[in-house]
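S.K.: Given the sequences, and given the hints that come with them, work out the whole structure.
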Amino acid sequence: MLGKTDKSAVGFVVAALIFFFIGGLLTTVVPPLVDKSWSQPFENHDPAKGPTGKLVPLNAQQLQGRAIYVREGCWYCHTQQTRTLLADTKRSGWKGVDSPISTPDEFVYDSPHMFGTKRTGPDLSRVGGKYDTQWHRTHFRNPRDLTPGSVMPPFPWIVDNPDEFNALVAYIQTLGRCKDWRPDNDYER
Amino acid sequence: MPAPAHVSALPYGGPGSVSPVESIHEDTTAKWFMLSAISYFFVVGIVALTIAAKFVWPQLLGTVSVLTYGRLRPLHVNGMLFGWLLAADMGLAYYFVPRLCGVKLWSEKLGVATAIIWNIIVLGAVVMLPMGLNKGWEYAELPSVLSALVVVAWVCFGINVFATVATRKYEQMYVSLWYTMGTILWTTFVYATGNIAVFFTTGVNQANLNWMYVHNAVGLIFTPIGLAIAYYFIPKASSTPLYSHKLSMVGFWALAFVYVWTGAHHMLHGPISQWLQTIAITFSLMLLIPVWTVVYNFFATMRGQWYQLRENVPLKFLMSGVVFYLLTCFQGPMHSLRSVNAIVSKTDWIPGHAHMALLGCFSFFAIAGCFYTIPRLFRTELHSIPLANWSFWFFMIGGLGFFVTLWLGGFWQGWQWNNPSIPFIDTVRALKPVWTVRFFSGILMFLGITTFLYNIWATVIDSQGKARSAAAVVNA
Amino acid sequence: MHDYVYPSIFLAYFMFFIFLVGGIFFLVKSLRHGYWGKNSEDPKYRMLADDEQEMTTRKASEVEG
Numbered sequence: 025m026l027g028k029t030d031k032s033a034v035g036f037v038v039a040a041l042i043f044f045f046i047g048g049l050l051t052t053v054v055p056p057l058v059d060k061s062w063s064q065p066f067e068n069h070d071p072a073k074g075p076t077g078k079l080v081p082l083n084a085q086q087l088q089g090r091a092i093y094v095r096e097g098c099w100y101c102h103t104q105q106t107r108t109l110l111a112d113t114k115r116s117g118w119k120g121v122d123s124p125i126s127t128p129d130e131f132v133y134d135s136p137h138m139f140g141t142k143r144t145g146p147d148l149s150r151v152g153g154k155y156d157t158q159w160h161r162t163h164f165r166n167p168r169d170l171t172p173g174s175v176m177p178p179f180p181w182i183v184d185n186p187d188e189f190n191a192l193v194a195y196i197q198t199l200g201r202c203k204d205w206r207p208d209n210d211y212e213r
Numbered sequence: 077m078p079a080p081a082h083v084s085a086l087p088y089g090g091p092g093s094v095s096p097v098e099s100i101h102e103d104t105t106a107k108w109f110m111l112s113a114i115s116y117f118f119v120v121g122i123v124a125l126t127i128a129a130k131f132v133w134p135q136l137l138g139t140v141s142v143l144t145y146g147r148l149r150p151l152h153v154n155g156m157l158f159g160w161l162l163a164a165d166m167g168l169a170y171y172f173v174p175r176l177c178g179v180k181l182w183s184e185k186l187g188v189a190t191a192i193i194w195n196i197i198v199l200g201a202v203v204m205l206p207m208g209l210n211k212g213w214e215y216a217e218l219p220s221v222l223s224a225l226v227v228v229a230w231v232c233f234g235i236n237v238f239a240t241v242a243t244r245k246y247e248q249m250y251v252s253l254w255y256t257m258g259t260i261l262w263t264t265f266v267y268a269t270g271n272i273a274v275f276f277t278t279g280v281n282q283a284n285l286n287w288m289y290v291h292n293a294v295g296l297i298f299t300p301i302g303l304a305i306a307y308y309f310i311p312k313a314s315s316t317p318l319y320s321h322k323l324s325m326v327g328f329w330a331l332a333f334v335y336v337w338t339g340a341h342h343m344l345h346g347p348i349s350q351w352l353q354t355i356a357i358t359f360s361l362m363l364l365i366p367v368w369t370v371v372y373n374f375f376a377t378m379r380g381q382w383y384q385l386r387e388n389v390p391l392k393f394l395m396s397g398v399v400f401y402l403l404t405c406f407q408g409p410m411h412s413l414r415s416v417n418a419i420v421s422k423t424d425w426i427p428g429h430a431h432m433a434l435l436g437c438f439s440f441f442a443i444a445g446c447f448y449t450i451p452r453l454f455r456t457e458l459h460s461i462p463l464a465n466w467s468f469w470f471f472m473i474g475g476l477g478f479f480v481t482l483w484l485g486g487f488w489q490g491w492q493w494n495n496p497s498i499p500f501i502d503t504v505r506a507l508k509p510v511w512t513v514r515f516f517s518g519i520l521m522f523l524g525i526t527t528f529l530y531n532i533w534a535t536v537i538d539s540q541g542k543a544r545s546a547a548a549v550v551n552a
Numbered sequence: 079m080h081d082y083v084y085p086s087i088f089l090a091y092f093m094f095f096i097f098l099v100g101g102i103f104f105l106v107k108s109l110r111h112g113y114w115g116k117n118s119e120d121p122k123y124r125m126l127a128d129d130e131q132e133m134t135t136r137k138a139s140e141v142e143g
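Protein chains in written order, with this note's numbering: chain A, 25 to 213; chain B, 77 to 552; chain C, 79 to 143.
Any given hint could be a false lead.
Below, a list of computed lysine-lysine pairs in the DSBU-like style, where the Cα atoms sit at most 35 angstroms apart [unchecked claim]:
| # | chain 1 | residue 1 | chain 2 | residue 2 |
| --- | --- | --- | --- | --- |
| 1 | A | Lys73 | A | Lys114 |
| 2 | B | Lys322 | A | Lys31 |
| 3 | B | Lys312 | A | Lys114 |
| 4 | A | Lys60 | A | Lys154 |
| 5 | B | Lys508 | A | Lys154 |
| 6 | A | Lys78 | B | Lys211 |
| 7 | B | Lys245 | B | Lys185 |
Simulated from the structure, these hints should not be mistaken for laboratory data.
M.R.: As structure tokens, this is what we get:
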């Protein structure tokens, strides 16, 4: 019988698909069924359990900004995840306050997800509220005016289009804000 | 069948490459796929060089929206993956599948139609991606119109290969056929996961599907089709039988089982369940099994035959590809360890690793396949063997310069990131010299591509000239 | 966030175990059935043959037939 194993194309197709689907189903379909936190929007009103806040879907302007973020490929160089590494919580932190780590419940409404795989520029998972609109305007026009040594491309066609620029900034200001992590609520606008 | 006396090793470009007899194979599809793939390799190579230059001179072309980094990077990635590598791999499969089955390709017409669809996809990507029409998932950037066409072309490719296998003359199948059929089956589901299923999910769930696709685009598309090519051309180019058919089967089934589990290792330490990360790590380490069986098989095949590497250009590409495969696939499992991942993840090490897999290994295999098959397809000899040697050394030195500097730079960057007292911008400035070396290595690789393209096209044009003069002799 | 780190490790061990048992099972079975014999290595020699020439003769014989 086994002499046939490398002679039967039909047997091959069946075996190859079974092998594939064991791992395929267990790692893609099963996890969201087991881990409800993947689909449960973040909501916490008890300061004892960590940062409070509530995840709300983006409004129309913020969604437009997000589409621009996708279109321009910002996500190729900026990740949106504060990982469970001490250095990440320090780097995403600000003015001496460490950032909370990113959890699945903060991203429930994201599509396409923007976690990213490469960090050429800094992580943006908690960038919301760190810089004001004027800072972003100058920075998008030429990043090197504010941070000498930056390799970020300039985006004059966005700055010159108030509609797009405001939408993009509106989106950026939402990043990481569902967790109310600043102690004095000292967010920039 | 007793083992035949060792087939005398023909030097590359020797009499073996000129078939004096008429062949039953038309190979029109293989020619179409390979020649267009090689041309896209050159075109997208220009894009690759441009984005490498942007790291050194960030202002370069910076005010033109369609030429900005975020628009050109998806063109570079998709152009190289689909325009060059997968197209070349498919062309080579159209070459060796009928030969291994001992019959003609099932439908040459369907094959040519597939090639036309594929060219439409790539040209569409060249126009649409710089316009910012980007779905927003890595490796799945192509707009839905184009990814639907990819599915159509893939199904046509699958029908042609499976129908050829179904009519095969030899019952027992050589390992390259296994890998090719595996690629076709798995890719269908992997591609559907990454390009269709993601639309119905959000957040972490979607990211998990996306990374299942990203990982398996390499692990279950480029790896098996690349290995099919290596399993075919290493014995062919060296005229040496493979070390072991059985061992190749062990490697194949281990790959079939293990690869698909590892997608979540792209999110280690990230916002995804720890248990899923653990599973991905376990299976990433198990990848060492299929990899080492394959590499051992190739090295054992070359036992006593290493001297052939001096003269034989396709074999040079193939065996260096195998070494790069071993290195890449040692790095991969090591990256998935939490401690190593905390340093290298998301740094410039990763492009170094990814380029070693797709350029150093699988593109080397495809280049070797093109150098081996094109002269045979056009019944002529390679235009210039010295020039092919130059291509090899351009790719080799450029590639090593690229990989090694990015590893060193990426590791250094990772250490710096883990020390939060260093401002982020200083870790960017620290990499400037690395990116400069990367750009100049890119120039070398681009010279490799250019000489490769010239050599192949000159071979094709030579053969047309020879055919005409031969016809003139007959007529006279 | 509820987590399942230990069950996941057990699952991984379990898969290792299945893999091992399956591997041994098929090894023993293939030895018994004689699959681990000499002719199972045929394809690697056949693929080296100059198929173009062989098939030309086959084509000629088909024409005759």
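S.K.: None of the hints should be skipped; say for each whether it holds.
M.R.: Verification of the supplied hints:
Between Lys73 (chain A) and Lys114 (chain A) the alpha-carbon distance is near 20 angstroms, which keeps this suggested pair within the 35 angstroms criterion. Distance restraint check for Lys322 (chain B) and Lys31 (chain A): the Cα-Cα separation of roughly 13 angstroms lies within the 35 angstroms cut-off, and the hinted pair is therefore satisfied. Between the alpha carbons of Lys312 (chain B) and Lys114 (chain A) the distance comes to roughly 56 angstroms, so the proposed pair goes past 35 angstroms and is violated. For the suggested pair Lys60 (chain A) and Lys154 (chain A), the alpha carbons sit about 31 angstroms apart, so the restraint of at most 35 angstroms is met.
Restraint check for Lys508 (chain B) and Lys154 (chain A): the C-alpha separation of about 27 angstroms stays at or below 35 angstroms, so the hint holds. Among the hinted pairs, Lys78 (chain A) with Lys211 (chain B) is consistent with the structure: their alpha-carbon atoms are about 28 angstroms apart, no more than 35 angstroms. Distance restraint check for Lys245 (chain B) and Lys185 (chain B): the Cα-Cα separation of roughly 21 angstroms lies within the 35 angstroms cut-off, and the hinted pair is therefore satisfied.
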